[in-house]
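*Asks:* Here are the chains, one letter per residue:
2 protein chains.
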Amino acid sequence: MTELKNDRYIRALLKQPVDVTPVWMMRQAGRYLPEYRELRKEAGSFMDLCTNPELACEVTLQPLRRFPLDAAILFSDILTIPDAMGLGLYFEQGEGPKFNKVIASKDDVDNLPVPDPELSLTYVMDAVRTIRKALKGSVPLIGFSGSPWTLATYMVEGGSSKAFTKIKKMMYAEPKTLHALLDKLADAVVLYLNAQIAAGAQAVMVFDTWGGVLCPRDYKLFSLQYMHKIVDGLKRTYDGKTIPVTLFTKNGGMWLEDIAKTGCDALGLDWTIDIADARKRVGDNVALQGNMDPSMLYADKARIEEEVSTILAGFGDGSGHVFNLGHGIHLDVPHENAGVFVNAVHQLSKQYHT
Amino acid sequence: MTELKNDRYIRALLKQPVDVTPVWMMRQAGRYLPEYRELRKEAGSFMDLCTNPELACEVTLQPLRRFPLDAAILFSDILTIPDAMGLGLYFEQGEGPKFNKVIASKDDVDNLPVPDPELSLTYVMDAVRTIRKALKGSVPLIGFSGSPWTLATYMVEGGSSKAFTKIKKMMYAEPKTLHALLDKLADAVVLYLNAQIAAGAQAVMVFDTWGGVLCPRDYKLFSLQYMHKIVDGLKRTYDGKTIPVTLFTKNGGMWLEDIAKTGCDALGLDWTIDIADARKRVGDNVALQGNMDPSMLYADKARIEEEVSTILAGFGDGSGHVFNLGHGIHLDVPHENAGVFVNAVHQLSKQYHT
Numbered sequence: 000m001t002e003l004k005n006d007r008y009i010r011a012l013l014k015q016p017v018d019v020t021p022v023w024m025m026r027q028a029g030r031y032l033p034e035y036r037e038l039r040k041e042a043g044s045f046m047d048l049c050t051n052p053e054l055a056c057e058v059t060l061q062p063l064r065r066f067p068l069d070a071a072i073l074f075s076d077i078l079t080i081p082d083a084m085g086l087g088l089y090f091e092q093g094e095g096p097k098f099n100k101v102i103a104s105k106d107d108v109d110n111l112p113v114p115d116p117e118l119s120l121t122y123v124m125d126a127v128r129t130i131r132k133a134l135k136g137s138v139p140l141i142g143f144s145g146s147p148w149t150l151a152t153y154m155v156e157g158g159s160s161k162a163f164t165k166i167k168k169m170m171y172a173e174p175k176t177l178h179a180l181l182d183k184l185a186d187a188v189v190l191y192l193n194a195q196i197a198a199g200a201q202a203v204m205v206f207d208t209w210g211g212v213l214c215p216r217d218y219k220l221f222s223l224q225y226m227h228k229i230v231d232g233l234k235r236t237y238d239g240k241t242i243p244v245t246l247f248t249k250n251g252g253m254w255l256e257d258i259a260k261t262g263c264d265a266l267g268l269d270w271t272i273d274i275a276d277a278r279k280r281v282g283d284n285v286a287l288q289g290n291m292d293p294s295m296l297y298a299d300k301a302r303i304e305e306e307v308s309t310i311l312a313g314f315g316d317g318s319g320h321v322f323n324l325g326h327g328i329h330l331d332v333p334h335e336n337a338g339v340f341v342n343a344v345h346q347l348s349k350q351y352h353t
Numbered sequence: 000m001t002e003l004k005n006d007r008y009i010r011a012l013l014k015q016p017v018d019v020t021p022v023w024m025m026r027q028a029g030r031y032l033p034e035y036r037e038l039r040k041e042a043g044s045f046m047d048l049c050t051n052p053e054l055a056c057e058v059t060l061q062p063l064r065r066f067p068l069d070a071a072i073l074f075s076d077i078l079t080i081p082d083a084m085g086l087g088l089y090f091e092q093g094e095g096p097k098f099n100k101v102i103a104s105k106d107d108v109d110n111l112p113v114p115d116p117e118l119s120l121t122y123v124m125d126a127v128r129t130i131r132k133a134l135k136g137s138v139p140l141i142g143f144s145g146s147p148w149t150l151a152t153y154m155v156e157g158g159s160s161k162a163f164t165k166i167k168k169m170m171y172a173e174p175k176t177l178h179a180l181l182d183k184l185a186d187a188v189v190l191y192l193n194a195q196i197a198a199g200a201q202a203v204m205v206f207d208t209w210g211g212v213l214c215p216r217d218y219k220l221f222s223l224q225y226m227h228k229i230v231d232g233l234k235r236t237y238d239g240k241t242i243p244v245t246l247f248t249k250n251g252g253m254w255l256e257d258i259a260k261t262g263c264d265a266l267g268l269d270w271t272i273d274i275a276d277a278r279k280r281v282g283d284n285v286a287l288q289g290n291m292d293p294s295m296l297y298a299d300k301a302r303i304e305e306e307v308s309t310i311l312a313g314f315g316d317g318s319g320h321v322f323n324l325g326h327g328i329h330l331d332v333p334h335e336n337a338g339v340f341v342n343a344v345h346q347l348s349k350q351y352h353t
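Protein chains in written order, with numbering that gives the first Met the number 0: chain A, 0 to 353; chain B, 0 to 353.
Isolated chain A (complex conformation):
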């Protein structure tokens, strides 16, 4: 396959020298872009885009045409695996994702298939291949999955949740059932991410959106343990190239040391932790991705640049930092501000890479 023209993102994850700090934005393909909203009008729902490889590719490329981003990320949903397991994912207007079927018992878990990605998630694999080809080696393509715990919350609750009542009931009353579910999901995620790598993903990321609702012991037992299993099961090199793995637990700032011990290459940081502290705590072992508050993109140019400057100074000299927002970009920020952000990272980071 083509050599990467811009490999800053990969190099920073592997702590190899770079000229400037690479930057991308979680949810960079999305509703804050007028061209995305336009395409949605014509093409239909969010899942209509995800399941059509050409449209998924088009949407993936949109932000790269506007901004000098250092990575592309597959346009998809974290809930494709439970959908492929037969739960029936759907989205209602103005609400979060929902499932037709929920997991409530050990029998439900036992009856779940572990999907073969090339058979049951063909549309994702085709999207990866299509995007990789369309990128022509300009920047690396990131593949991703939800973490087993995060997927399980949606599968047991039947959708989004505030108090996570059902899954916590299961965790306390039937921990073996939940462990069986998480173990099966970890197997499915390993297959899924390895298939994405084989299809062309040059790095992968696991999103643990809801690990932060657990107490430290339960986070380790019910979320981190299964992300560790994923890290152990992934192809870490493919086609002669290292495939870096980033783990991101939202509100996981207190557990960085534990997450770093999984052997992943990088940690995603939300904005509730100071990146200087994070580097002190785990920066010898892993690269760091993050961590500007996505709400900062509501501010003016000067304020955004000031914040980028502060975070760059917090990380300090040398490689090992992939700049990003601390969570997905908000749908109502002015898209120009995303450009201000991306340019500021490149301009202001030069001094840290001499």
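Note that these hints are calculated values from the structure, not bench results.
Any copy, or any two copies together, can satisfy a pair, since identical chains are not distinguished.
Each computed SDA-like pair below joins lysine to any residue, with the alpha-carbon atoms no more than 20 Å apart:
(1) Lys249 - Asp273
(2) Lys183 - Lys234
(3) Lys183 - Val230
(4) Lys4 - Asn342
All values reported here derive from a predicted model rather than from experimental measurement.
Following the hints, complete the assembly by docking chain B onto the known chain A.
*Replies:* Just chain B now, kept in the frame of chain A:
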């Protein structure tokens, strides 16, 4: 006034020896109790209860009749102050609190009055006096307020929020307007809590429900700074008794050292931090309140007792621990389980107080 028959809660906050670890539950008066649901059917809305001192007193006492709790907490809402400032608090069926008016500009802030609690929040002061009298010194009465930052989020957003779009826009674009609002709110909270103390509250707690959505720097600037101002402005002794102050920032586990430096007596902990770690970090300076996951009350008796035992062992020997949930009790837990929890704390903590 009458001497307290059970002063364990106060003693533990002041790190004085106790026979067993005191326990109460955030939101202990509420919908998980059948007698509360019954009263609501007759009496009307949540605010109808809050604004009627006799009903607020009855509801405050309900959990104490069922369980050997070591403290009562005023039945009220955190949003009484913005309501008294004229914003018009209301609740819609199945939704969170809302305001008729929102704060959007410096003029809006300048026009806000700082309410005199005995004039504009008479119903709260009357409730405190009524409850204190009804308690007959059995256990102490806790008064409370929302933190300035948390109150401001509702006042600027107009209600509950997920992304805190409006207040973060204000924070980044017009920080002086937000500081003016927070400063005024801090003044109002000082007056409000001091009035509660004068009316009979024997301890006070400040709830910072939303401080955890800020980055560390902004947490210190926009939330903690104003809680510090409150701590400095409170009557710390009244009628010859020390009035302990507890500060609680949900998802504030990374900032315990900073919170402890305000000079408060105790920190409330949510369940995402290990209480043993918290004690190591700040336990020489402050008492700790917490921190069982409220969802544990969905589990069976043995599991609840096991968790109580783990947390007690985590804190270890000696005084300085007020047992509580890490957040409010869920409305759908079996009320019997609250009894299991309270009894377990008393029974299992004896060994740590010899």
